[in-house]
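For reference, the chains in residue letters:
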Amino acid sequence: MKHLILLLIAALLLAGCWNYREIDNLAIALGLAVDKGEGDSYIVTVEIINLEGAGPESEFKPTTVQAQSDTIFGAIRRLITVTGKKLYWAHAKVVIISEEIAREGILPILDFVQRDAEIRSDVWLLVSKEETAAEILASTPLVESSISQQLSQILQHHAPEPKSIPEELWNFMQKLTAPGIAPVIATVGLVEQGEEKLTRIKGVAFFRRDKMVGWLDGKESLALSYLLNESISGLIVLRYEESGLTAQITYEVVGNKTEFQPFIKDDQITMGIVTNLQVILAEVANQKVDFSQPSVRSKLESDLAEHLEELMKRTIIKLQQYNSDAVGLGSVLRRRDPEAWKLVADDWPAVFGSLQTDIRVKPVIRASALVSKPIEMRD
Amino acid sequence: MKLSKSIEKNLEIFQQKIFHDDDVIRYRRFTLGNTQIKCGIIFIDSMIDKDYLGENVISPLTRCKSESIHLREIYPSIENIIAVESLRISKGLEQMIEGILYGDALLLIDGTDLGMILSVKGWEYRSISEPTSESVVRGSREGFTESIIINISLLRRKIQDSRLKFKMQELGRRTKTKIAICYIEDLVSPQILQEVFERINKIDIDGILESGYIEELIKDSPLSPFKTVGHTERPDILAGKILEGRVGILCDGTPFVLTVPFIFMEGFQSNEDYYRNWALASLDRMLRYVGFFITTSTPAIYLSLITYHQEMIPTPLLLSISAAREGIPFPTIFELIVLGLVFEILREGGVRLPSPIGQALSIVGAIVLGDAAVTANFVSAPMIIVIALTGISSFVIPQFLGVVILIRLAFVLFASVLGLYGFVFAVIGLFIHLMSIRSFGIPYMTELSSYKLEDVKDTVIRAPWWWMQRRPKLITKKNRPKRKRIEGK
Amino acid sequence: MKLEVLSEQQAISLMVLFISGSAVVLSIGGQAGGDIWLAVILSGLLALPIVTVYARLHSLYPHYDAFQIIIVIFGNTFGRLICLVYTWFAFHLGALVLRNFGEFIITVGLEETPQLFPVTLFALLCLWIVKEGIEVLGRWSNFFFRFAIIIVLITTALALPELNMDHFRPFLFNGIMPVLQGTANVFAFPFAQTIVLWLAFSGFQKRSSPYRIYWLGILMGTLVILIITTLVVAIIGVEIYKHSYFPAYIAIARLNIADFVQRLEIIVAIMFIISSFVKVSTCLLATCKGVAAITNFHDYRFTVTPITLLMISTSYFLFDDIMQMLFWAQDIWPIYAFPFQVILPIIVLIGGEYRAKSLKKQ
Amino acid sequence: MQVVLLTTTLILIVIAEIKLWHQKDTPKIIFYCILMLCAYGLSVLQMTETTIFNPSVLIETIISALQNDNSEGLR
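Going down the list, the sequences are from chains L, D, U and F.
For the first sequence, this note's numbering begins at 386 and goes up steadily by one.
For the second sequence, this note's numbering begins at 57 and goes up steadily by one.
For the third sequence, this note's numbering begins at 3 and goes up steadily by one.
For the fourth sequence, this note's numbering begins at -13 and goes up steadily by one.
Accuracy of the hints is not assured; some may be wrong.
Okay, derived cross-link-like pairs now, DSS-like style, lysine-lysine, Cα gap no bigger than 30 angstroms in a straight line [as the list claims (entries may be wrong)]:
no., chain 1, residue 1, chain 2, residue 2
1, D, 73, D, 214
2, D, 234, F, 14
3, F, 5, D, 283
4, D, 214, D, 234
Below, a sample of chain D positions facing chain L; criterion: calculated Cβ distance under 7 angstroms [to be verified]:
no., residue
5, 76
6, 77
7, 79
8, 363
9, 375
10, 378
11, 381
12, 385
13, 386
14, 461
If you're looking for bench data, these hints aren't it; they were derived computationally from the structure.
Ideal placement from N, C-alpha and C gives every residue a C-beta, glycine not left out.
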C-alpha cells in the first residue's frame, strides 16, 4: 500500500504531461498531396478538418491548406503558421503524388512518411494523372464528407470493378525492398460531371525502384491484378460471333488463381504462367445465344481465354519495355528455383526485359447467374 | 463490595451505590409465601417481560407454602417453584450487575448473601424482515436482526448439524457486546480459526456498536482499501460461507455478520448465483467482471484515447468527438474528474435521502444537470456517456462500491501522464497489491490466479452443482467433498 | 526466515513470460531471414540441455537457492566471486531490458516524454513487487500469463488473413550458416537468459519437479516466440523485420479487420509491458539476492531500493541511442553472455556433482 | 534544481525505509547507506550528463578485439 502511495505521489510530482494533447487542439489531416514547385522545392497541399460552430452543434468541413518549402517536412511545419494548430497525421488516408515527382523518384516522400511515426503505414498511395496533385484534393467529394475519405472508400471497395491496383504504403515499401518485384501505384484523375469535378481511379503507374516509368490503363491493370493473384472480380465484355449470331456478352470473374512455373533451357528462362479463372455469365445481350449447349460454352471459354492471354501478353511486354517487374516474376523464380535466381539476381531488370513468357488462361464458366437458359420470349 | 445477609442492606447497596440516580431500575419487594421471609427483585424496566416475571416468578413465590421451603437451602428449594427456564445462583456482585444490565432479573432473599439471576429477558425486537441491502429475486426473504440470539437461531435452522459450533464472547469494555464465532468443526481450517481467535482476543476497545468495528480491528493489510473481511445480513449467505469452511462472526446489535476469510472473487459472487440456472448465473458472474473492468477503466481509457492515442479511434468517431469537444473550455482531465465527482455526490446524496426525494434528486441530477451542461457547452456529450457508464457499472459489484472509486481515480491519474501505458502501469500496480494481500493467511486472489479446472468452477463461472464436488481448496484443508459422487452423472 | 516457494504453475508462467520478455518486440534472429522459425526451434532445443543443468542443481541442493548453492560448492571466497559475477550479469541484463523498455515507449508512443520518467515509474513497480517477494511475483505472473496467452491467440486469429507464407520461401536460400547465426542469436537472447530465473528462484513446492518446470517453460516459451516471430515475418516480410527496431509493433499495425478492428498496436505494447515487467523484476530480484548473498545478509529486501535506483541510472547511460542498443542486442550480447549463460553453469554443475558425491561418501 | 529534488527525495526515502525496518541493525544500515550513496552518485552523474566509464563500451571493445583476432581463422 505504501508503495502505491509513493507511486501516486511520484506520478503527480513528475506529471509533465509531455504528450498530453487535447483533441480539439489538433488539426486532423486527412490527405496529403505533393507537387513540384519552382527549383527543387515541394508544394505540399493538405486536406484538414475544419470545425465550425461549437459544442453539440458544431460541424466539420474539410478544407485545404498549402505551403512550399525545400523539404516536405519543412513545408508541413510551415503549415502550422496557417492552421495555428499542430497537424495530426495518424488519420491521414491518402498521399497523392504528382507525376513529375513520381518520375523523379518518390523516396524523399516515403522517407518522410515512414520516419514520421504519426503517419500510419496503411495510408493509400496515389499518383495524380492531372497536372498537379493538389487539384485532386480540390475536387468534390460525392458521398463522404471529404475527398480523402472518398478516395479511401473507392480504393477500399474497388474489388468488383478493378480498374486499378490500390496499394497501401507498407505494401509499396514491401515490394520496394523485396527482391524480384517492382511496385505499382494506382493513378487518380478527374472527370467533369456538370459543374463538379469528380475523382476517378483508373490504371496504375509502374515503377522501377522508386522511379515511375510508365502507365498501365484500366484493362492492363486488370490483367496485372490477375497476374498478382489479387482477390478481385472484374467484368470482361466480349463480342460473341458464331454463324452470323452476334452478341455482347459480359463475364464476371468470381475466382482467379495464377500459377507460375519457370523453365530453364539453354540458360534461357521461360516463365510459364497459368491463370485459372472462374467466371459467370453476367449479361447476355442476345437471347439467341444458347449457352446451355456445351459447344457454345466452350466457344465462349476459348474466346475469353484468347482475349485475356492477349491482354496479359500485352501488359507484360509493356512492363518489359521499361524493365519493371511489377508481376514479381523475379520473386517467383527466387521461390521456385533459388539457384537460377542467384545467377540472375544482380541483373534482374535486364533479364526480365528479355524474359520469355508462356501465358495460358483457363476460364471455366461456372454458372450463368440465376438463369440456366436464355429467356425465351413469346408473343 | 460484597453482599450482606440482610435484604434491606443489599437493596440499599444496589439502590444507593450501584444504580444510584438511575430511574429505570425497578425494585420489587414481597414476602415469600406465608413465611414472612422478605424477598426483592431487581430488574430494568422495559428490558424484561413483565407478564412473564409476574406469572412465573412473583406469583408462584408469593403463593408458595412454607413447608416446601428449606430455610437452610433456600435457593435450591425454590428452584422448583419458579417457572423460569434458565436461572442461576450467583455470589459475585459483578455477575449480578451484568445480569441485570443484560435484561435478567435478580432475586434476593433475606438471610443469604446469594442472589438468583432469572432469565426473563423480554425487550422489543425488530421482527425478521427482508434485508434491504442485499435484495434478491429468488431466495430466502429473511434477514438477520439486531438480536444475536435470533440470529443464532436463524443460522441453526439452516444448518442442523451438531458440528456447527458457536463460541460466545464479550467485546468492548463498556458496551459488553456479545459476539459469537461460528464455524463447522470438521470443515474449518484450524489455522484460520486460531488466527480468528487470536485477533479477536487482541481487541481492546471500549465500545463495539456494529460489526464494522470488529472488521477493521481484525482485518489484514489495514491500509488497503480492499475489504478482506466479508459481511452479510442474510442467513443463507452466511450458511453458504460457513459450509465452505469459513468462519462467521455474529455481533449483537447489528444484522451484519462478518465472514472470514474473504477473498477477492467473493465480491463477484452473489447468493442468487447458486439458486438459479447455472448458465445464467455464470453469465451474470462474467457480467460482474466486465462491470468491474468498465467501472474502473473506462474513464482512464477514454482519457488516454482522446488525449494520447487519437490514432486508435476510428476516423468518423474521432471527428465526432472532436466536434463535440470544440469550444469546451476545460481540459479533458479536469472535465473527467469534476464530472466523476458530481456523480459520486449525486450517488451519496441519493443514498442518505428518503427514497422519494432520492429519486427526484437523481432525475434532476442525471437529466437536467447533464443535459444542461452539454447544451451550455460546459462538458462534452461523450464525457457524459463515459461517466454514466462508469457509474452504472459500479452498481453490479456492490461489494467493491467504495474501492472502485479509488482505483478509477488512480487509473485516471496515471493515464493522464502516460496515456494507455500509464494505465497499464496502474493495472500492474493494482494487481501487485491484490496479489500481495492476504485474508487470514489465504492469498486474496487465490482462485483467480489458478489454472486448475476445479478452481475455475466457482470463480468466473458458476458450475452446476453436480459438477462442483469439492469445497475451495485453500480455505478448507480437510473434508473437501461437497457431495458424494453419483455414478453415471 | 520463511522459505518462499512457488508452485509449478507459477514457476512455468514466470518462465514463459520471462522468455517472451523483450523478445516479442525486438527483432531477434533476423540473420536467419526466412528460416527464422527454424532458428527459433533449434535454439529452443539447444536451451533444453542448459536448463537441465539448472534443474539438476536444484534437485541436488533442494533447500538452497542458487547463490547459496554456489557458495556451498565453491567455498566462501571463490563462491562469492562467482556470485559477484552473476550479480553483475543479472544487474546488467535488468538495466538492458529496462533500457529496451524505455526506448520502446519513447519510439512508439510518447515521443515528447523524457525517457527517464516512464522508466522510473516502471522500475518503481518492479521495486514494489520485488519487495513483496517471489511468491507475489509468481502469483502475479500466473495471473497475467493468461492475458499474454489470450493476446497471442487473438493476434494470431486476427493476423491469419494477412499472412503471406511466401516470405518463408525458398527454404534455406542462403544455406545453413545464417540460420545458425540466428540460432545463436535467439539462443543467447531470450533462452539462455533463463539463468537469471535460476538465480531468482528460491524454492518450489514439495511435489513439483524442477525438471518439469524448466523443460515445460522452455517448450512453451519456444512456442510463444515461434508463433510471434513467424507471424511477424509472415506479415511484414524479412527485409522490414531485419531493419526495424520493433517489428512486432509494425506487424500488428497492419491488421485491419473490416475497418473496425484495427490499430491494435497497443496490444503488443501491453504484452511487452507485462513480459518485460516480469523480466526486469526477476533480474532485480536476482541482483538483490546476489548482493545479500555476497554480503551475507539474510534478507535481501532492504537492498531493493538502492539497487533499483542504480539500475535506472545504469540503464540510462548504457547506450547512447537505440541504434547502439539494437547492435548490442544482436551482435555483442551473444558473445558477451556466452560465458555467463553456458560455461559457468556447466562449471557449477561439475563442481556441484563432485561436491555432492564427496558429501555422500562422508 | 533537479539535483536538489533528487537529494531531498532520496534522503526522505532513506529515512522512511530505515524507520520501516523496526530494528537497529548497524551493519545493515551502513551497507544500505553505502548502496544508496552509490545510487545517488550515479543519478547525479546522469542528471548532469557527465560522461563516465561505460561498461557496454568496454565490453564492446573487448569483444570486437577478440573477433578480429579470430576472424582470419574463421573466414
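Checked hints:
no. : hint            : result
1   : 73(D) / 214(D)  : 46 angstroms, violated
2   : 234(D) / 14(F)  : 48 angstroms, violated
3   : 5(F) / 283(D)   : 27 angstroms, holds
4   : 214(D) / 234(D) : 21 angstroms, holds
5   : 76              : 50 angstroms, violated
6   : 77              : 48 angstroms, violated
7   : 79              : 50 angstroms, violated
8   : 363             : 5 angstroms, holds
9   : 375             : 6 angstroms, holds
10  : 378             : 5 angstroms, holds
11  : 381             : 5 angstroms, holds
12  : 385             : 10 angstroms, violated
13  : 386             : 10 angstroms, violated
14  : 461             : 14 angstroms, violated
Comparing the model with each earlier hint shows violations of hints 1, 2, 5, 6, 7, 12, 13 and 14; every other hint is respected.
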